[in-house]
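Peer 1: So the chains spell out like this:
There are 4 protein chains.
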Amino acid sequence: MDGSGKIERVKVPALDEILGVPFKVLNDGFIRLIDYMGSDESIVQAARVSYGKGTKKVHQDRGLIRYLMRHRHTTPFEMCEIKLHVRVPMDCWRQWIRHRTASVNEYSTRYSEAIDSAQLTDDDQWREQSRGNRQGSTGFLDGEVGSELSEREAALIRDSRRLYRERLEAGVAREQARKDLPLSTYTEAYWKIDLHNLLHFLALRMDAHAQWEIRSYATVIGEQILSRWCPMTWEAFQDYRFHSTALSRREQQIIRMLAAGRPEDARRLAGEFGFLNYDGPRLKPNRERKELEEKLQSLNFKIPWLDGR
Amino acid sequence: MDGSGKIERVKVPALDEILGVPFKVLNDGFIRLIDYMGSDESIVQAARVSYGKGTKKVHQDRGLIRYLMRHRHTTPFEMCEIKLHVRVPMDCWRQWIRHRTASVNEYSTRYSEAIDSAQLTDDDQWREQSRGNRQGSTGFLDGEVGSELSEREAALIRDSRRLYRERLEAGVAREQARKDLPLSTYTEAYWKIDLHNLLHFLALRMDAHAQWEIRSYATVIGEQILSRWCPMTWEAFQDYRFHSTALSRREQQIIRMLAAGRPEDARRLAGEFGFLNYDGPRLKPNRERKELEEKLQSLNFKIPWLDGR
Amino acid sequence: MDGSGKIERVKVPALDEILGVPFKVLNDGFIRLIDYMGSDESIVQAARVSYGKGTKKVHQDRGLIRYLMRHRHTTPFEMCEIKLHVRVPMDCWRQWIRHRTASVNEYSTRYSEAIDSAQLTDDDQWREQSRGNRQGSTGFLDGEVGSELSEREAALIRDSRRLYRERLEAGVAREQARKDLPLSTYTEAYWKIDLHNLLHFLALRMDAHAQWEIRSYATVIGEQILSRWCPMTWEAFQDYRFHSTALSRREQQIIRMLAAGRPEDARRLAGEFGFLNYDGPRLKPNRERKELEEKLQSLNFKIPWLDGR
Amino acid sequence: MDGSGKIERVKVPALDEILGVPFKVLNDGFIRLIDYMGSDESIVQAARVSYGKGTKKVHQDRGLIRYLMRHRHTTPFEMCEIKLHVRVPMDCWRQWIRHRTASVNEYSTRYSEAIDSAQLTDDDQWREQSRGNRQGSTGFLDGEVGSELSEREAALIRDSRRLYRERLEAGVAREQARKDLPLSTYTEAYWKIDLHNLLHFLALRMDAHAQWEIRSYATVIGEQILSRWCPMTWEAFQDYRFHSTALSRREQQIIRMLAAGRPEDARRLAGEFGFLNYDGPRLKPNRERKELEEKLQSLNFKIPWLDGR
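Residue numbers (my numbering), protein chains in the order written: chain A, 339 to 647; chain B, 339 to 647; chain C, 339 to 647; chain D, 339 to 647.
To be clear, the hints were calculated from the coordinates, so they are not data collected in a lab. Errors might be hidden in some of the hints.
The list treats identical chains as interchangeable, and a pair is accepted whether it falls inside one copy or across any two copies.
[Claimed, not checked] Below, simulated EDC-like cross-link-like pairs (lysine to aspartate or glutamate); rule was C-alpha separation at most 16 Å, straight line:
# : residue 1 : residue 2
1 : K622      : E610
2 : K344      : E355
3 : K344      : D354
Keep in mind the model is a prediction, meaning the values are calculated, not measured.
Isolated chain A (complex conformation) (with noise of 0.2 Å):
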C-alpha cells in the first residue's frame, strides 16, 4: 500500500447528473438523490487494502467485484454509502423502516403539519387476496367493485383530513393531532446508508414476495440509481444474489441421483426426506417439496414422483 500523495475525490458523472431530480413513484411519492460516497472503483480498493501489495493487477476490478459478491465478501462493500430523499406512505415507511443499519430524518409531525397527501388507489389497482400466500396478493378486483372501493377511500381520507385540521384549529397538539390520520398519508424522510445494506435492502424489496408499494420504491433504487452508481455491483448483485437459488443438502442429493440418470433413487429418497406422503392416491401438500419442484422444473428436470409431466 502506497501511503503517499495527494488523491483526487471518487466522482461518478453518470450519477452526478441525477443528484436532486426526483423519480415519481406511487401517485404522489418520489425518490432523489442526495450524495453518495465511492464507486465500484472504491470497492475493489478496500479489497485490495486486505490483499496488500501481493495482488495488484492479478484480479482486474470487474473480476475482482463478481468474486467479492459470489464469496459473500461483505466488508469492501460498505465502503459506498448513498443519501436519498424519499416520500413515502406511512404504511409502506414501517416496512422499510425495518431495516435498522441505515441513518434516517424522517419529517415529524410533532413538530410540523402533517403532509396533506395520501396514497389514492386507482379503480383498477385493487389486489386480490392470495390464496395461496397469507401473506401476498394475486390480481385485481374487476373495476366496477373497484370504482366503488376508490371512491369509499377517498371519502374516508378526506373526512381524516378534515377532522385532524379540525382538531388543530380547536387547538389540539400537533402530536396528538395526528393519531387517527390514515396509515396512506405520505411522510417523508432523508434515508442514508452502505452499499452492502442497500443490496440486502434491494434482495428483500425488489423480490417478487415483497409488497408492491416497497417493491416499486426498492426498483427504482435499484434501476435507477445502483445502476449508474456502481454497474459492475449491480451486474454482480444480480448474477449472484437477485437471480442465484439456493439447494440444500437434500435437494443437492436428490439432483445428483437425477443428473445420474437414477430417477428411481431421486424418487426413494424424497420418500425417505419425508416429502412424499400419500393420503389415498394424493400426495399431501408438503411446502418444502413443492419448492424443491419449482427447482427441478426450472433446471429442466423431469420430476420422477409426478406422472406424466
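Please build the complex by placing chains B, C and D on the supplied structure of chain A, with the hints as guidance.
Peer 2: Then chains B, C and D, alone, in the frame of chain A:
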C-alpha cells in the same frame, strides 16, 4: 479468572414473579415481561473480567455499578438482556421502532387481520399545543370541546374499521386493505433489547419532553420492571443519568465567577458569549441563555443579568 | 395473542447441565457457557406473533423453524441469546472480534498483568502454505523441521515474557509494557450474541476456509453448545445453510442444458460466458469456471468441456 | 420540503486539499483522508427535514448545530461520513476496533506478508505505571533505564521478525507464521464511520484517560481533519461535549447549598450520602467524593469538609 466449575443460571426471583403478567398502559395497551438474561450481579461479573484477578472485593458490587454508570462504561450493561411483549398504538410504535438496537417481531397485518382496537381519547385528555415548544403539548382543552372531539374520533375510527372490513369482504388483499387504518390502531410485538440500550431508550422516553404515550410505556418499563430486575442499576441510572445535568464549557466559566463571588465578571462573560443581546431595554430571546438561567436557578445562583430576583 | 397470565421462564435442561463447564480448545484455551435466553420454542413463539392468531398449530414447531431458516426469515432467531466465557489467543481474537454484532468484555492488560500463557505449536502442527489459495494452508511440515520450529517458538515466547516482566519490574506502565507480547498470548472475554448473529458467525468460522484455530472454537460452539441449546435450529442450519450450495444465474442456465441432455449447448453457453478461453490447446485458468466444475462434479454431471471424464 | 430540482454535490474545499496526504503519527504510523460525504451544511439540511417547512431561517446554521449537539439530537450527525486510511500498531488497533459502528477493511496477514515495521520506543518515552489509576501511566522513566529498555526492545523485535521470515522460508503458512509477531507490529486499514459515531470515538479517545498511542491518532483526526471538515460541529463538540462536565443528582444538591451560602448543610448532605467516612481523624478514601472535590475546585467552590483551603 477461574475457568473451572459448574455454575447455576442467574435468576431474579422478584422478576420471575411478574413473568407474563400484563401491565396495562393507555386504554387498551400493555407490557408483559417474557424473558430476561442476567442481573446486577452479571454486570459486576462482566466488569471484573476486564479487571482480571486484581480487583476481587476491591469494589463492592453496588459501588462498582455506580462507578460504571458514572463514567459511562457501557459494555458491562450490554451483558443483560430483556424481552417484552407489548401492545402499542402504531403512532407510538413509529417512535419506539426508531431505536435500532433492539430485536423485533411485530404482528403482521399482511398475514392476519389488523387488531380490532384503537387508542381512544377521553373527553378530558385532549392536550393543547405548546407555544414555547413546537413539538410539545401543555395542559388540556376544556371538557366541552374535548367531548365533541372524542365523539368525532370514535366515529372516524368506526368508519375506518367498517371500510377495512368491507374491503376484506370484497376480497381485497389484507396488505392493501389496511392502508387507511388510523395510526391509533394497536399493534403488538415481541421486543428484545440489552440493558445498555434499554437505559438509552428510557433516558430519552421517560424524559419530560417525550410524548405522553411513549412516556407512559417507558415509565412502566423503568418503574415496574427494571426496578425489580436490576435495582442497583436502576438507582444509579437515576442518580447519574436521568437526574444528572451537564454544564458546557461556557456554563462552567460563568459558574466559576459566581462561586467566586464575582457576579459582574459572570455577566461580562455572558456578554462575550453572545448571550446578552438587547433590543432596546429588553433582552433578546436566546435559547442557550434560557437553558443556562434554568440551571442557575435550579442550583440556587442569583442570575447576575436579571434584576430583582 | 393471549395477553394474560403468568408464565414460566424458558429453560433448556440439557444446557443447564453444562453451565460453567469448560470445553478445552487448543493447548490452553476454553469455552464456557455462562448464560442463555430462549430456545427453539422461543423462536416459534416470536414467529407466531407475526402471524397472529391465524396460525396456531398450522405449522408444527420443527417445520416452522425449518421454513424460517430456508427462507432466511431471520428476526425470530434474534430472540435467543447466549453468553460465553472464552480464552483465545490474541491472534485468533483479532478475527473473532470482527463480528461487530456481539457484546464483549475483554480482559484488560492495561488494568492487570497479561495472562501468562501463549498458544504453543506442537512439532507436527506446523501447517504448510497452500499454493492454490493464498490465504490458506494445506498439510503439515515434516516433524524434523517442525521440531526445530517449535523449539524456536518456545524460546521466543520465553524471551518475550521475560522482557515483559523486566519492564514491569522497572516500573513501566502495564499499558506500555505489553506492547511487544506475541500475538499468540491468550486473552479472555465474556462474549454475548444473539442466535441469528451466532449462526452467521458459525457459517463463516466453521467453514473449511476459516483458519484452523478459530474453526476449532466455532466447532465447539456449534457441536457442543448450540446442538444442545436449539437442536431443531442446529439441524435446520446444517441442511439449509451450512451444507447448502448456491447456483448463480449462469450456473442455472448451464445446468438447464445439461439436465435436458444438451451438453453441446451447455458448452456453448460456457463459452459465451467467457469461461472457456484457450491458451493454445489448454484452457486458461478461470476461477468462476473452476467453482462451477466443482459444483457440477458434486452434482454428478459430466463436464461437457472436459474430455475423458 | 422542496422535492424538485437538480442539486450540486456537497464539497468542502478545505478538506479536498488534504485528500490522500498522510499525517504522521508515532514512529511509523499515519492517517490519510480517503473520502467524505457531507459537511456542516448537510447536518442542518437533515435536521430541517424533521422540522418541515416551519423552520426555514428560524435558526441560523451554527445555532442549529449547537442546539443539536447540546441536546444530543444525534441522527443529523449520522448524515456525514468519512473514510480514512490508517497505519496503526496492532496493540493500538485492538482498542480502536472495539468501536463496532465503523466499516473496516484491514490488511490481511493471511493473504500477504506482515508489514515489516513495528512501533519502537525512544529512550525517553517509557511511561511509568500510575499508582492512583490502575489503568494509566504518569511521567517517564529516567533515560538510562529507558535506554536499556529501548535496546532490549529493538532486539526482541528483530528476533521476532527473523523468526517470522525463517518460518515463511521453511514453507509455514502465512496465517500461522504470524502467530508470534509482537503486538507492536503495524497494520493498515480503511476505516469508514459516520460523524455521530466519530464524535463518540473522539470523546473517548481524545480523553486524558485514553492511552497515549490511540490519543495521538484521535487528536490528529479531530484537530487536523474534523476541524477542516465540519468546523461548526467541531466547535460545538468541544463546548458541549468534550469540555462539558456532568453533575449527578447528589452533586447538584450539594452545590445548591454552597451557592446559597450554606456550607454546613452541604457538609451534612455529603455525610448523608456516605461521602465522609472517617478513620479516626482522617477521611477514608471515597472515589465519588474525590470526583466531586475536583469538580468543586474547578468551579471555584470552597470544599466545606476540607480545612485550610
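Peer 1: Take the hints in turn and mark each one as holding or not.
Peer 2: Against the structure, the hints come out as follows:
no.: 1; hint: K622 x E610; result: within (15 Å within a copy, 43 Å between copies)
no.: 2; hint: K344 x E355; result: between (26 Å within a copy, 8 Å between copies)
no.: 3; hint: K344 x D354; result: between (23 Å within a copy, 9 Å between copies)
Violated hints are absent here; each numbered hint is respected by the structure.
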